[in-house]
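Enquirer: Chain residues, written in single-letter form:
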Amino acid sequence: MTEPLRPSASASDHAPAVAPDTAVNGVPDSAVAGELRRVLEQVDGVQKLYPAHPVWQNIAGAAHAAVTGEAPNPVAVDASGDVVTVKARIGVATGHRAPDVARAAAAAVRAHLEPRRCAVEVAVVHIAG
Amino acid sequence: MSTPNDTLDCGHTLAELSTYLDTGEFADPGHLNQCPECQAGLAALGSISALGTDLRDADIAAAGSGTDDWMQSILDNLRLELRPGRSIPVRGGHADDILSETEGAISAVIRSVADALPGTAAGKCRLHGDVGTPGAPVTVSVDLAVVYGHPLEQRAAELRSQLAETLSQQTELNITSIDVTITDILAPPPSADRTQTTPEEKP
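Sequence lines, in order, name chains B and U. Under our numbering, the first residue of the first sequence is numbered 1, with each subsequent residue one higher. Under our numbering, the first residue of the second sequence is numbered 1001, with each subsequent residue one higher.
In isolation and in its complexed conformation, chain B is listed as follows:
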């Protein structure tokens, strides 16, 4: 005896109780990384973004850059778990206080991803005029 096939699950079956209203929900990490890149570049005092993982430590990124000529997105995002993890390495303009800029950068990321829980890692790797 065969049983009738159940209707295939629709996307709405997997939707959370609260409709997603953040960029992370349903949006690929790479797209979120692009958004966060723009967010970080607008933080006062952030002079430059450097690859979160140096290219020489990221073979895939290096290969992609070699093929496409495009630099990989400098912001690393992992939204696979309950907590969205974001890593960024920034350069700070000398006219600004680097610790304050780091905090402002993390706060900007956090505000953009709200209300998702996130862990933001920001490293100041260069301070220059």
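Since the hints were derived computationally from the structure, they do not count as laboratory data. Every residue gets a Cβ at the ideal spot worked out from N, C-alpha and C, and that includes glycine. The reader is advised that the hints may include incorrect statements.
Here are some of the chain U residues that sit facing chain B, going by a computed Cβ distance under 7 Å [to be verified]:
hint : residue
1    : 1093
2    : 1096
3    : 1101
4    : 1109
Go by the hints and put chain U onto chain B.
Expert: This is chain U only, laid out in the frame that chain B set:
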């Protein structure tokens, strides 16, 4: 400029950076825009190069170390400093955040402050102490080469003052002392105007 053929963490060398400054040629130009260590290296080599240009006609053997060891020493130390180094914590605004500065970024700041003083070039720049523990006492040591005619004590005092101010702005380190050592006195070009120091400045 001759440089030690030491490889940085990114795979490039000071010699390559020096060549890039001299010729504009670099095998992977895109990398320079993506690597903070190479950018710090270019800035430091640029400062050294500027001072070296000022001194190129000088008979360095007539004063100071008697050789160009000072330049080699600077380059040797630069190689070590052009690494990310230790992670220096920065207070976060949220418990889940991890904020930091690299030791290499701070070393580059120290070097840029020292190089900005007239007639000086930074040699060894070091942070001593447990920089990874917030509040732990940290000392700063800077070796300095000074062109003859510039007031040594005044340059050291200026550097100490400017470093204290800059590091208080750019870090949250508990700096307990800043030690400046004049390690070389460099002869100026024979034709150089010895009045480059202000009238109040006495060597």
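Enquirer: Failing hints, ascending?
Expert: none
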